[in-house]
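Chain by chain, the residues run as shown.
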Amino acid sequence: MELFLESTGFGLVVASILAISSVGFTLQWGVGKFINLAYVGFMGLAAYLDHTFSQTLGLEFWIGAALSILATGVLMVLMNQFLIQPLVRRGVRFFDLLVVGFGIGLIVQYAIQAIWGTDFFSISVAGTTPLNLGGLKLTPSQLVVIAIAVAVMLLLHLLLSRTDLGRAIRAVSVNPTLAQSCGVRVSYVLNVSWFISGIMCGIAGLVLAFNTAVFNSGTAIVYFPYILAAAMVGGIGSAYGAMAAAALLGLLSEWVALASPYFGVMVALIAAGLVALWRPQGLFRSPMAGLGGSV
Amino acid sequence: MSYALTLCSYFFINLILILGVNLQLGLLGLPNLAFIIFLGAGAYTVALFSIGPAQADSLQHYFFGTTLPFPIPLILAVLVGMLLAALVGALLLKRMRGHYLAIITLILVLSTWTVVNGIPGFLGGANGVYGIPQPFHSLASSPNAYGLIFVVYIAVLACLCFAFNERLFRSPLGRTARAIRENENAAMALGKDPYRIRMIVVICGGAMAALSGALLAEYITLWTPAPWSLDEIFPAVGAMIIGGRGNNWGAAAGTLVVDIGIGQGISFLPAVSSDPGLSFAVQWILEGLVLVAFLWFRPAGIIPERKARWPVPVLSGPATISPGLVRPEDRDTVVRPGISGQLTTDVARDAILSCEGVSVSFGGIHAVDNASLSVQRGSITGLIGPNGAGKSTLVNVLSGHLRSQTGRVMFDTADTTTLPSYRVAQRGMVRTFQLSSEFPRLTVLENMMVSADHVGASLWTGVFRRRRWKDREYELLVRARGLLDEFGLLALADEYAGNLSGGQKRLLELARALMRDPAMLLLDEPMAGVAPSMVDRLVDQILDINRRKGVTFLIVEHDLEVIDRLCPTVLVMIQGRVMAEGNLQQLREDERVIEAYLS
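Protein chains in written order, with the numbering used here: chain A, 1 to 295; chain B, 1001 to 1599.
Simulated from the structure, these hints should not be mistaken for lab results.
No residue lacks a Cβ here, since even glycine has one placed at the ideal position from N, Cα and C.
Mixed in with the good hints, there may be bad ones.
Pair by pair, the computed Cβ-Cβ distance ranges are [unchecked claim]:
1) A:Arg185 - B:Gly1498: 26 to 34 Å
2) A:Leu78 - B:Leu1269: 34 to 42 Å
3) A:Arg167 - B:Asn1370: 38 to 46 Å
4) A:Gly218 - B:Ser1501: 49 to 57 Å
5) A:Leu78 - B:Val1156: 15 to 23 Å
6) A:Arg185 - B:Tyr1003: 37 to 45 Å
7) B:Ala1086 - A:Val222: 27 to 35 Å
8) A:Thr163 - B:Gly1265: 49 to 57 Å
9) A:Val222 - B:Thr1006: 27 to 35 Å
Sample of chain B residues facing chain A (criterion: CB under 8 Å; computed from the structure) [claimed, not checked]:
10) Phe1234
11) Ile1241
12) Ala1308
With the sequences and hints as input, model every part of the structure.
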């Protein structure tokens, strides 16, 4: 029982990290129609930038964090504006774009290795003495991670449902051509959603580093199967689906990891495979919602 | 010397893999990333069948092991690759396309890799297996001499794979595969079974990937999860894109650039070569940059896909269509104008196509609602109706592209209700589509050649017995050129079909359908997007085909003037049902029709 509660605590933390990262990932897939295999590479990059800003350059903690998150968002926009969109205009199609994303991911991953070496580091954000919360043992830094995830999800929900920008993003994700002819500036909306994705990616990289004792260039890569699985299970392009799938997979994978550590990732992958085969629109959507439909 | 031999070995081993990738991704356009699993499986198979049983005192653990003499482990490796490819194909190819196929094969790679890497006792886990024996060792007197023998051995295998690919690409089977890549629905409407072709190609690709893996394991004498990890997908696919997809010489050029050019070129950069970690990183970064540069400046690759060309047949005269085209029973058919003002549900005796009580609904919307019709053999029948009446959906049901939820469809005295579209097409009903559906990256002549059934469209005959299909090829060539001449497209025979004008594409589609000698043609808005001057030409062509060849037509069209010129009998569809039948004059006075068009 104690073990179960402990893994439930871990599961909540993993679910939080997964929610932030997979929502950003699925947003790019749904709105930009681009499967960004470089996503986890940028997550790692955000953590290394923060490490450099706050520990090497000695900036204030929150300033360093904000700068690295912003930098990730800007890099994503640059990638969209100067690489992906020009390639799309040149008639490069989906599979080649997938390979381009793959290549960018490898470039980022190995650039990190080339610049920072294979050394590891840690970012401490709050205490590491576990607190007992009704049986769940969580450290203050883990509580910070969960709080950030909840805050980010709330903000995203407000953005998508209450603002004109959110409506525009949803319109572009359903039908870019129609949105264009209704007066939505599609290229602008695409850049904005890539920026939001980049911000989420940066935050995800940071909270991952908060929760990892030894962060190195491979840490974020380990998350790739989980992020992919959460996006598939939640339904491609569905932000709310990805949140729910992240919670589900985070808890589930930590529970089965009690038996063997690599069961966790297997459960996520099997869930993704089953959903792709039998319910490709995602676990939480009706079949008529179509693919890459409503955010 | 030994450095050159090492380079050669890697080149040939990688070339075999890239050739396999080129089959699936280049020829067929199938984003199957699972090939890296087949590579790993081939290597493990060769290891398990040649390293002998695991020793209790040895450091490595694996679950099986035996020592078989040289060619057997290699052959088993190829068979295992084919078996896995067949399994993956059977599981995925029927229901998956595009994004989903790419992502689910990616998930498959991640899962397999995690299992093999995570269970130490299964295939050696993360440590892998080592001590894999190399073939022909007894022949060599020194390591250098052995290196040479090994290079010759893999070069021979690589050349065999290359020759196989070349023959497959140029065979009628390869042509069909490219047609499926370009437009799957149109290929099905011409009687091609895409699933069968995909399976054949994926299994061949799996065999080559497994062979490449087996040879790599023999060459480096150990096998771990690293050489078949997710990252290794990138250089393989990258080499194919850079070299030129769909071209085997391109595959060789891509292998040369990515594996030898970039991989070895690094070691000549003094600043990088001293640090192994850095040179590895720079190699990956360069590969990524070169790929992006190619997609940007030369997306077709170094050596793009070849245009198929045929020599002009000596005896090609204008309109040399064999008299056999006209079926004896159709020859005397006179076009009978339909006169009945109301629809009879019982199937008329000389109906070629009929359906009864057909319904299709999407969600809660009844697109086709209990519709029945029959088309007289040898007639030109029109199908009209307001927008959203369900005409295209009904056509899709008749051609087998959609399955009706109720009722039945009869074509040529057979029940075709549950047949897939390619089977309906094989029975002699060919359809065209609302959007023009030429195969854009095939030439006009290839569009024609791919249409008819061909003895060379099977793997064995197509690749290994060229003499058996050469005659058929020649016969089709003569017919295709004759038809193109008749349709005024002969001058464009070697042009890519995607470059034709809208009207020319329509003509080509009609000519292409005739290559199959159809008993019936189903045309879905054949005049959409066609210039007015071309409309006359198409109308004449349709009347001529009907008169001379006895082909039955069912034509969906909005242009009532065209309908008036073509169709003595017209069916009217309103809200998912066929409500009226008659000639256009009668229908203009029918109240229900007037109401439906005005409301």
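Evaluation of the provided hints:
1. The hinted window of 26 to 34 Å between arginine 185 of chain A and glycine 1498 of chain B holds, with their beta carbons roughly 31 Å apart.
2. For leucine 78 of chain A and leucine 1269 of chain B, the hinted distance range of 34 to 42 Å is not satisfied, since their beta carbons lie about 27 Å from each other.
3. The supplied range of 38 to 46 Å is met by arginine 167 of chain A and asparagine 1370 of chain B, whose beta-carbon atoms lie about 41 Å from each other.
4. A beta carbon spacing of about 55 Å between glycine 218 of chain A and serine 1501 of chain B agrees with the range 49 to 57 Å that was offered as a hint.
5. Leucine 78 of chain A and valine 1156 of chain B have their C-beta atoms about 49 Å apart, which leaves the hinted 15 to 23 Å range violated.
6. Remark: the range hint 37 to 45 Å for arginine 185 of chain A to tyrosine 1003 of chain B is contradicted by a beta-carbon distance near 56 Å.
7. The given range of 27 to 35 Å is respected by alanine 1086 of chain B and valine 222 of chain A, whose C-beta atoms sit roughly 32 Å from each other.
8. As the Cβ distance of threonine 163 of chain A to glycine 1265 of chain B is approximately 51 Å, the hint placing it in 49 to 57 Å holds.
9. A hinted range of 27 to 35 Å for the beta carbons of valine 222 of chain A and threonine 1006 of chain B is consistent with their spacing of about 33 Å.
10. For the restraint placing phenylalanine 1234 of chain B at the interface with chain A, the shortest Cβ-Cβ distance is roughly 5 Å, inside the 8 Å limit, so the hint holds.
11. Because the smallest distance between the Cβ of isoleucine 1241 of chain B and any Cβ of chain A comes to about 7 Å, under 8 Å, the interface hint for this residue holds.
12. A least Cβ separation of about 22 Å between alanine 1308 of chain B and chain A goes past the 8 Å threshold, and the interface hint is therefore violated.
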